[in-house]
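Peer 1: The primary structure of each chain is shown beneath.
Protein chains: 2
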Amino acid sequence: MIEIDKMVDILKLLGDKCRLTILLLLQEKELCVCEIVEILQTSQPNISQHMRKLKDGGLVKESKRGQWVYYRLAIEDKPFLADLLAHLPGQKEQLDKVTCEDCC
Amino acid sequence: MIEIDKMVDILKLLGDKCRLTILLLLQEKELCVCEIVEILQTSQPNISQHMRKLKDGGLVKESKRGQWVYYRLAIEDKPFLADLLAHLPGQKEQLDKVTCEDCC
DNA sequence: TCATTATATAAGAAAATACTTATATATACA
DNA sequence: TGTATATATAAGTATTTTCTTATATAATGA
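Same order as they appear, the protein sequences are chains A and B.
Going by the working numbering, the residue at position 84 of the first sequence is 152; the numbering climbs one at a time, nothing skipped.
Going by the working numbering, the residue at position 41 of the second sequence is 109; the numbering climbs one at a time, nothing skipped.
Mixed in with the good hints there might be a few duds.
Each pair may be met inside one copy or between any two copies, as identical chains are not told apart.
As a list, the in silico EDC-like pairs of lysine to aspartate or glutamate whose alpha-carbon atoms are at most 20 Å apart [what the hints assert, rightly or not]:
no., residue 1, residue 2
1, K80, E98
2, K160, E71
3, K146, E96
4, K132, D77
5, K160, D145
6, K74, D164
7, K146, D124
8, K80, D151
9, K160, D73
10, K146, E161
Read the hints as simulated data drawn from the structure, not as lab findings.
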């Protein structure tokens with residue numbers, strides 16, 4: 069059982085196209101900021117700020133490796149979220165477009 | 069399968085404490101505007117505007133009966149929403165507080 | 001028809017949100 | 001140590017959102 073306020077916070081995070089797409093991407097595999105920037109075609113600070121919100125909301129976790137910061141999905145404790153994401157189109161094609169040559 | 073944009077719209081609707089609580093209430097039974105106003109302790113125009121958003125988003129349906137407008141949940145086509153609501157505390161106690169003497 | 005009640009709509013204020021540009025921090029490597 | 005790259009943070013702006021107050025619409029019943 070989740071408290072309403074907590075759920076509202078989570079749903080606010082999901083109710084943004086950029087962040088929802090990021091979560092879909094992370095479903096496939098962990099990604100670094102620069103990869104997400106390239107896939108979503110937006111600015112680096114924009115993604116960085118979205119990632120901080122997702123991290124603060126407990127939906128992703130980060131691991132620093134070298135100069136890169138990799139983010140991965142962290143919703144094991146929120147099965148309804150996995151169910152929700154499963155109702156959305158996969159983003160594998162988006163991932164194929166980005167190669168490590170581009171950034172990391 | 070649902071399009072991302074459509075899902076974002078739905079999640080924006082849910083990412084508000086007032087609207088999310090309304091959906092939880094409607095899970096129990098259909099309610100008229102004045103009942104929701106009393107339970108949520110807010111203004112009538114506020115609820116009326118929230119109901120219009122929920123209606124426009126296809127999450128509730130209305131039936132006019134006399135001077136009253138009753139709203140009911142309309143998420144049969146969105147099973148992930150029912151699943152999500154099931155993870156939240158029920159609102160039956162809130163409903164008990166309101167009697168038909170108060171308004172309708 | 002007039003007054004009352006329920007609901008909707010309109011307009012405006014205040015707050016929250018998303019994005020931009022500029023800058024700071026941190027790591028890698030020559 | 002100095003430069004380049006990746007990421008984060010700060011500050012400002014523009015947009016969106018929520019709520020309020022005032023008013024309109026619609027149904028009821030005397």
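Peer 1: The structure should be examined with respect to each hint, and the outcome stated for every one.
Peer 2: Taking the hints in turn, this is what the structure says about them:
1. Taking identical chains as interchangeable, the C-alpha atoms of K80 and E98 are never at most 20 Å apart, the minima being 22 Å within one chain and 26 Å between chains.
2. Within a single copy, K160 and E71 get their C-alpha atoms only as close as 33 Å, which misses the 20 Å cut-off; across copies the closest is 15 Å, which meets it.
3. Taking CA atoms no more than 20 Å apart as the test, K146 paired with E96 passes inside one copy only; the shortest distance there is 17 Å, against 24 Å between copies.
4. For the homomeric pair K132 and D77, neither the shortest alpha-carbon distance inside one copy (26 Å) nor that between copies (33 Å) is at most 20 Å.
5. For the homomeric pair K160 and D145, neither the shortest alpha-carbon distance inside one copy (24 Å) nor that between copies (26 Å) is at most 20 Å.
6. With identical chains, the CA atoms of K74 and D164 are never at most 20 Å apart, being 35 Å at best within one copy and 24 Å at best between copies.
7. For the identical chains of this complex, K146 and D124 are intra-copy neighbours only, at 15 Å inside a copy versus 28 Å across copies, given an alpha-carbon limit of 20 Å.
8. Proximity of K80 and D151 under a CA criterion of 20 Å is satisfied in both settings, with 17 Å inside one chain copy and 18 Å between copies.
9. In this homomeric assembly, K160 and D73 come within 20 Å of each other (Cα to Cα) only across copies, at 18 Å, whereas the closest approach inside a single copy is 33 Å.
10. Proximity of K146 and E161 under a CA criterion of 20 Å is satisfied in neither setting, with 26 Å inside one chain copy and 26 Å between copies.
In terms of the numbered hints stated before, the structure departs from hints 1, 4, 5, 6 and 10, listed from lowest to highest.
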